[in-house]
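Chains F and X supply the protein sequences, listed in that same order. For the first sequence, the UniProt record's numbering gives the first residue as 1, with consecutive numbering after it. For the second sequence, the UniProt record's numbering gives the first residue as 1, with consecutive numbering after it.
Hints in this document: simulated from the structure, not taken from any laboratory. Incorrect hints may have been included.
When chains are identical, the list treats them as one kind, so a pair holds in a single copy or across two.
Said to hold, decoys possible - The calculated lysine-lysine pairs, modelled on DSS-like cross-linking and capped at a C-alpha distance of 27 Å, are:
1) Lys-31 with Lys-99
2) Lys-216 with Lys-231
3) Lys-99 with Lys-114
4) Lys-99 with Lys-244
5) Lys-244 with Lys-216
There are 2 protein chains.
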Amino acid sequence: MRILPPVAALLVGVSAVSADPLPSWQETDTKTAIIDFVEAVTDPDSQDFVPRADRIAAFDNDGTLWSEQPAYFQLLYALDVLKDKAEADPDILSSDALKAANDGDMAGLMASGKDGLIELLNVSHSGLSVDDFMADSRDWLLSTNHPQTGIPFAQMTYQPMVELLRYLRDEGFETYIVSGGGVHFIRAVSDDAYGIPSQNVVGSEGTTVYDVVEGKGTLMKQGGVFFIDDKAGKPVGIDRYIGKRPVLAVGNSDGDFAMLEYATQGDGLRMGVLIHHTDAEREFAYDREGHIGVLDQGLDEAVDRGWLVVDMAKDWSRVWTGQQ
Amino acid sequence: MRILPPVAALLVGVSAVSADPLPSWQETDTKTAIIDFVEAVTDPDSQDFVPRADRIAAFDNDGTLWSEQPAYFQLLYALDVLKDKAEADPDILSSDALKAANDGDMAGLMASGKDGLIELLNVSHSGLSVDDFMADSRDWLLSTNHPQTGIPFAQMTYQPMVELLRYLRDEGFETYIVSGGGVHFIRAVSDDAYGIPSQNVVGSEGTTVYDVVEGKGTLMKQGGVFFIDDKAGKPVGIDRYIGKRPVLAVGNSDGDFAMLEYATQGDGLRMGVLIHHTDAEREFAYDREGHIGVLDQGLDEAVDRGWLVVDMAKDWSRVWTGQQ
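All chains should be built: construct the whole structure from the sequences, respecting the hints.
Written out as structure tokens, the structure is:
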């Protein structure tokens with residue numbers, strides 16, 4: 001063992017503290033496993049070294065980078081937009097699904113199935129430009145408080161994950177969001193919230209058309225469903241936007257299963273991570289059952305597939321970026 | 001005028017030569033206009049300064065970054081694949097369009113219209129994995145010579161444009177291809193040919209599906225038409241992949257009109273560039289008429305819209321990256 005003189009030891013001490021890339025992660029095996037992986041693929045002398053151009057990391061958003069309870073934030077946004085619109089023009093409530101949504105009757109909305117949700121999206125996410133939609137979404141995310149925590153939605157991002165994203169970028173990774181949520185909704189805040197620019201956000205999409213409006217070329221949202229970036233759609237979205245198989249994929253539900261499978265079956269060292277919502281006290285506890293963020297197959301197969309399961313209650317010293 | 005001592009003069013001379021970012025461009029007003037634009041948007045003291053994150057440059061591919069005569073290279077590839085397949089199994093020639101294509105009867109193929117082309121694409125671009133398709137495309141592009149020049153297709157990239165792409169990246173731009181061509185076909189060589197990685201290639205697409213093949217998650221090409229990244233589709237593709245309005249857009253045909261319009265109507269200093277094929281001696285001369293790369297509306301409106309028209313014969317001292 002090498003003995004360091006006091007000043008050098010102090011410097012090492014300071015350096016070690018300030019160098020902790022994941023201060024909101026507890027000192028558990030989970031944190032060690034993540035850091036070991038990153039060090040292995042970034043060390044040029046390691047047999048697991050991955051060139052910078054191939055260091056692609058893909059993150060789900062809802063339930064992985066920010067909360068998704070009591071419902072996806074984008075759904076809560078859609079409901080607010082619907083209520084505003086219905087106040088000005090009650091005739092837009094042209095179906096049972098929209099009436100239920102406007103009354104806050106979630107069971108009634110869910111009973112209408114996918115068609116009802118698409119109706120809601122069409123009313124709340126179309127007939128305006130992409131720029132206007134993003135400005136409105138951004139305003140809502142920054143200024144509306146979560147019903148249970150009182151924290152603005154845009155601050156219900158997970159501090160440990162924001163640290164992980166930054167750590168990966170510092171180590172030469174390109175970080176991507178690959179979400180079932182709408183691409184424009186996420187982009188409205190992704191740069192500020194996560195340091196992820198618009199071109200690194202892969203998501204679901206309605207139809208967008210280019211039109212010359214009052215002499216100016218404008219992208220207009222027209223509703224409908226162009227692409228669902230969920231389940232087997234996630235590897236397809238990754239191929240479309242990125243064209244490379246990620247070396248690291250992080251999700252929290254069975255909607256991310258295909259993405260983790262795709263990423264971890266590539267050649268060389270790979271890592272798949274599932275965020276397990278175990279923290280009823282600080283956040284929400286849910287997994288195998290429910291309507292949102294169901295994690296069932298993932299829990300069954302994580303061990304066999306060598307995926308890391310993050311136990312939010314045990315592995316995180318802090319949950320949200322925003323303070324309660 | 002400042003008098004430099006001989007050694008310093010020599011160094012300045014060397015520096016000036018090696019610092020020319022566009023050595024294959026003639027010293028014309030066109031070159032000056034491009035450099036003036038780049039200097040204006042990258043100078044922090046300029047009123048036209050654009051932050052690095054917004055320095056998005058979008059380039060068409062066929063006819064802008066590489067040649068497109070006597071036909072799009074991807075079409076020539078599809079015909080070669082069809083011939084190979086038909087030799088092994090003549091039954092695949094199940095329509096007049098495919099028979100014409102196999103016989104090299106381009107008029108017959110064109111007579112079948114869009115449906116015939118889609119049939120050809122379906123036979124040549126489906127039923128294999130994305131990885132296998134890209135490996136095959138790459139091999140073809142690297143090893144097949146152009147019928148007129150004898151240069152391998154992958155080297156029929158324009159040297160002045162390769163220099164422009166590099167210059168822009170050196171100045172903090174993010175360079176993108178936004179092409180009507182197929183995204184997988186272009187990605188097969190885009191990094192080597194242009195220094196453009198797969199995630200910066202926006203293109204047209206058939207249907208891709210994720211499937212577990214022999215236990216391994218695989219992306220399979222299934223043919224069909226999922227998205228056409230041409231004309232008004234180009235701004236839509238830009239929004240989907242990039243989510244930012246480019247400050248510079250470069251094309252060569254009316255298929256690029258909407259992209260140039262969209263880019264140049266943004267706030268602040270913008271630049272639209274059209275490559276005009278004027279060089280019958282060294283390349284090909286064509287514009288307002290024909291089946292490929294028609295440039296008609298663009299020529300009519302370029303002056304009024306302030307777009308720069310590059311005269312290949314006058315503005316370029318060299319054409320292809322590969323040597324004839």
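key: Those earlier numbered hints the structure runs against, lowest number first   = 1, 4
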